[in-house]
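Trainee: On the provided structure of chain A, position chain B as indicated by the hints.
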Amino acid sequence: RKEVEQDPGPFNVPEGATVAFNCTYSNSASQSFFWYRQDCRKEPKLLMSVYSSGNEDGRFTAQLNRASQYISLLIRDSKLSDSATYLCVVNRYGSGNTGKLIFGQGTTLQVKP
Amino acid sequence: NAGVMQNPRHLVRRRGQEARLRCSPMKGHSHVYWYRQLPEEGLKFMVYLQKENIIDESGMPKERFSAEFPKEGPSILRIQQVVRGDSAAYFCASSPRGGNTEAFFGQGTRLTVV
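Chains A and B, in that order, give the protein sequences. All the letters of the first sequence, read from the start, carry residue numbers 1 to 113 under our numbering. All the letters of the second sequence, read from the start, carry residue numbers 1 to 114 under our numbering.
The following block holds chain A by itself, in its conformation from the complex:
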């Protein structure tokens, strides 16, 4: 079983739609969580960190459920420019863990006009 799992999609949605991605992680010792975005053949770019209380940045909302070990990303009012692959990332450090970032496979979003 992969340590970080995502539905690869693709998710095909019309402009203006709301879309949600989920990600599950297997190691309960995971401590930090992030969403990155990767456009075709380019480097991943940090979209947002995910905090236990949930956090919002404009049209993007991230939530963390430690009990169920999943992370979500909600995108409201989708734009064509939101088309990309969204990567879920976890990190665990301390107590013998090294702090490396572990990436999910990514979920592909295609926003159509």
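No wet-lab data here; the hints were simulated from the structure. Mixed in with the good hints, there may be bad ones.
If we take Cβ atoms under 10 Å as the criterion, some of the chain A residues that face chain B in the derived model are [unchecked claim]:
1) Q6
2) L80
3) L87
4) V89
5) Q105
For lysine-lysine, the following DSS-like pairs were computed, each having C-alpha atoms within a straight-line distance of at most 25 Å [what the hints assert, rightly or not]:
6) K42(A) - K2(A)
7) K42(A) - K112(A)
8) K45(A) - K44(B)
9) K42(A) - K44(B)
10) K42(A) - K79(A)
11) K27(B) - K42(A)
12) K27(B) - K71(B)
13) K2(A) - K79(A)
14) K44(B) - K62(B)
15) K27(B) - K45(A)
16) K44(B) - K2(A)
17) K79(A) - K45(A)
18) K71(B) - K51(B)
19) K112(A) - K79(A)
20) K45(A) - K2(A)
21) K2(A) - K62(B)
22) K62(B) - K51(B)
23) K62(B) - K27(B)
24) K45(A) - K62(B)
Glycine is no exception: its CB is placed at the ideal position from the N, C-alpha and C atoms.
Mentor: Here is chain B on its own, set in the frame of chain A:
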């Protein structure tokens, strides 16, 4: 403040040659991560380094691959005797410290082995 710089952006090597990939972290960042991405696949962790130390190399192939991050200069990922299966995009990321801090990526080096 320049971002993470990787060079070269594109590298072509013949089978059996050596490939050296360089990564200069963002100013003030002392932690570097290397990842490999095959076409249509996700990012695979290779190695995590701090200045002059390898923190975690659990993703590095046992042979032909090595990495360093000297006190001065960029981090280097070295692949000896390259084979076609080494063809991939290699991304480097840096962070100011380990733990729960975000990491920022360079534009990657695309290695093609012919």
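Trainee: All hints are to be evaluated individually against the structure, with a verdict given for each.
Mentor: Comparing the hints with the structure gives:
Because the closest C-beta pair between Q6(A) and chain B is about 9 Å apart, less than 10 Å, the hint holds. Against a cut-off of 10 Å between C-beta atoms, the interface hint on L80(A) is violated, since the closest Cβ of chain B lies about 23 Å away. A distance limit of 10 Å between C-beta atoms decides the matter here; for L87(A) the minimum to chain B is near 7 Å, and the interface restraint holds. Because the smallest distance between the Cβ of V89(A) and any Cβ of chain B comes to about 9 Å, under 10 Å, the interface hint for this residue holds.
For the restraint placing Q105(A) at the interface with chain B, the shortest Cβ-Cβ distance is roughly 4 Å, inside the 10 Å limit, so the hint holds. A C-alpha spacing of about 24 Å is found between K42(A) and K2(A), which places the hinted pair at or below 25 Å, so the restraint holds. Note on K42(A) and K112(A): the hinted pairing holds, with a Cα-Cα distance of about 21 Å set against a maximum of 25 Å. Our distance criterion of 25 Å between C-alpha atoms is met by K45(A) and K44(B), whose separation comes to about 16 Å.
Note on K42(A) and K44(B): the hinted pairing holds, with a Cα-Cα distance of about 15 Å set against a maximum of 25 Å. Distance check on the hinted pair: K42(A) and K79(A) sit about 19 Å apart at the alpha-carbon level, within 25 Å; holds. Using a Cα cut-off of 25 Å, the hinted pair K27(B) and K42(A) holds, with the two alpha carbons roughly 22 Å apart. Under the criterion of a C-alpha separation no larger than 25 Å, the hint pairing K27(B) with K71(B) is consistent with the structure, at around 14 Å.
The straight-line distance between the Cα atoms of K2(A) and K79(A) is roughly 31 Å, outside the 25 Å bound, and the hint therefore fails. With a CA separation close to 15 Å, the supplied pair K44(B) and K62(B) stays within the 25 Å bound. Taking the CA atoms of K27(B) and K45(A), the gap is about 18 Å. The hint holds against a cut of 25 Å. Pair hint K44(B) plus K2(A) holds up; C-alpha atoms about 12 Å apart against a cutoff of 25 Å.
For the given pair, K79(A) sits about 18 Å from K45(A) by alpha-carbon distance, which is consistent with the 25 Å threshold. At most 25 Å may separate the alpha-carbon atoms for a hinted pair to count; K71(B) and K51(B) meet this at roughly 6 Å. A threshold of 25 Å between alpha carbons decides the hint, and for K112(A) with K79(A) the separation of about 8 Å falls inside it, so the pair holds. A C-alpha spacing of about 22 Å is found between K45(A) and K2(A), which places the hinted pair at or below 25 Å, so the restraint holds.
Only pairs whose Cα atoms come within 25 Å are accepted, and K2(A) paired with K62(B) is accepted, the gap being roughly 21 Å. The straight-line distance between the Cα atoms of K62(B) and K51(B) is roughly 22 Å, inside the 25 Å bound, and the hint therefore holds. Taken as a hint, the K62(B) and K27(B) pair is broken in the structure, with Cα atoms around 31 Å apart against an allowance of 25 Å. About 29 Å separates the Cα atoms of K45(A) and K62(B), which puts this hinted pair outside 25 Å; it is violated.
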